[in-house]
Amino acid sequence: MEGRSFCRLSLSLLLALLLALLSTACESNGSVPTTLMDGSRASPPGIELEEVPDPVVLTKARIVRAEAVPAESLAAACLRGVARAAHPKGSIVERIGANSETVTLRDESGLYACDDSPGPREANRRWCGGAFGQLRDGHLRDPRLSISCKTRDGDLMGFVWIAPGANTQYVAVAQDTFSEVYEAAEDLPIRVATTSDVEIEGSRAAFDVSEHDVSGTLLRRYRLESAVAG
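Its first residue numbered 56, the sequence shown is counted upward by one per residue in this note's numbering.
I should point out that these hints are in silico values taken from the structure, not numbers from a laboratory.
Bear in mind that the values here come from a model prediction, so they are computed numbers and not experimental data.
Every residue gets a Cβ at the ideal spot worked out from N, C-alpha and C, and that includes glycine.
Please note: incorrect hints may appear among the correct ones.
Only pairs whose alpha carbons sit at most 20 Å apart, straight line, appear in this in silico EDC-like list of lysine to aspartate or glutamate [said to hold, decoys possible]:
| # | residue 1 | residue 2 |
| --- | --- | --- |
| 1 | Lys-144 | Glu-127 |
| 2 | Lys-205 | Asp-93 |
| 3 | Lys-144 | Glu-122 |
| 4 | Lys-115 | Glu-241 |
| 5 | Lys-115 | Glu-238 |
| 6 | Lys-205 | Asp-252 |
| 7 | Lys-144 | Asp-162 |
| 8 | Lys-205 | Glu-254 |
| 9 | Lys-115 | Asp-242 |
| 10 | Lys-144 | Glu-241 |
| 11 | Lys-205 | Glu-163 |
| 12 | Lys-205 | Asp-192 |
| 13 | Lys-115 | Asp-93 |
| 14 | Lys-205 | Glu-177 |
| 15 | Lys-115 | Glu-103 |
| 16 | Lys-144 | Glu-163 |
| 17 | Lys-205 | Glu-256 |
| 18 | Lys-144 | Asp-242 |
| 19 | Lys-115 | Asp-268 |
| 20 | Lys-144 | Asp-192 |
DEER-style ranges, computed between Cβ atoms [to be verified]:
| # | residue 1 | residue 2 | range |
| --- | --- | --- | --- |
| 21 | Ile-255 | Arg-180 | 14 to 22 Å |
| 22 | Gly-209 | Arg-278 | 20 to 28 Å |
| 23 | Arg-176 | Pro-108 | 31 to 39 Å |
| 24 | Ala-140 | Arg-196 | 19 to 27 Å |
| 25 | Glu-163 | Pro-108 | 41 to 49 Å |
Construct the complete structure from the given sequences, taking the supplied hints into account.
Structure representation (structure tokens):
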């Protein structure tokens, strides 16, 4: 009798272990992220975005004043690294997504971006990528694609700036298994990331984007295709 109970117990433990392994495998194969890159909990936006299918993950944004940058902030790290030549003015925007951290700042010469991801990079640098874009009449002429960052699994990532429309409050970018949402902040372009449709040959990437107003109403939908500037 004890032998049968032991066998049943062993079988139950084995089944539980197999289920746990299967669950872990599914999570590592492109499932919906439960945390953002900084370890904080991933959650959907507070409103429904028209024609954006679930699941949806809302990124975080923080505005830092250029004259009062906290020493340990992402903005400070950016100014010590990729944007060390910049003399920022106005607002600096830090963003944290499922697989990305970015900083966008502006000075008289143009826009700077610092891009980071959980993946490997050369020489253990603080930032795996970045960009600089000149402004013409206050507008970017090129989204400044960067594809030098990778996910933890080694997949290529693409980063670009998106200049949202005047009434846009939310920008949604379709990923393989979910949509990632960014809120407009100040008057700076939004630095977004994707792990979909990134090509090392040709140094190109494509982003499926939708823009929404403060109520979630769809304003426009488009596919942004970009190549690394020469």
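Hint-by-hint comparison with the structure:
no.	hint	in the structure
1	Lys-144 / Glu-127	19 Å, holds
2	Lys-205 / Asp-93	16 Å, holds
3	Lys-144 / Glu-122	7 Å, holds
4	Lys-115 / Glu-241	14 Å, holds
5	Lys-115 / Glu-238	8 Å, holds
6	Lys-205 / Asp-252	13 Å, holds
7	Lys-144 / Asp-162	6 Å, holds
8	Lys-205 / Glu-254	12 Å, holds
9	Lys-115 / Asp-242	17 Å, holds
10	Lys-144 / Glu-241	13 Å, holds
11	Lys-205 / Glu-163	31 Å, violated
12	Lys-205 / Asp-192	33 Å, violated
13	Lys-115 / Asp-93	10 Å, holds
14	Lys-205 / Glu-177	11 Å, holds
15	Lys-115 / Glu-103	17 Å, holds
16	Lys-144 / Glu-163	8 Å, holds
17	Lys-205 / Glu-256	15 Å, holds
18	Lys-144 / Asp-242	12 Å, holds
19	Lys-115 / Asp-268	18 Å, holds
20	Lys-144 / Asp-192	17 Å, holds
21	Ile-255 / Arg-180: 14 to 22 Å	19 Å, holds
22	Gly-209 / Arg-278: 20 to 28 Å	25 Å, holds
23	Arg-176 / Pro-108: 31 to 39 Å	33 Å, holds
24	Ala-140 / Arg-196: 19 to 27 Å	21 Å, holds
25	Glu-163 / Pro-108: 41 to 49 Å	42 Å, holds
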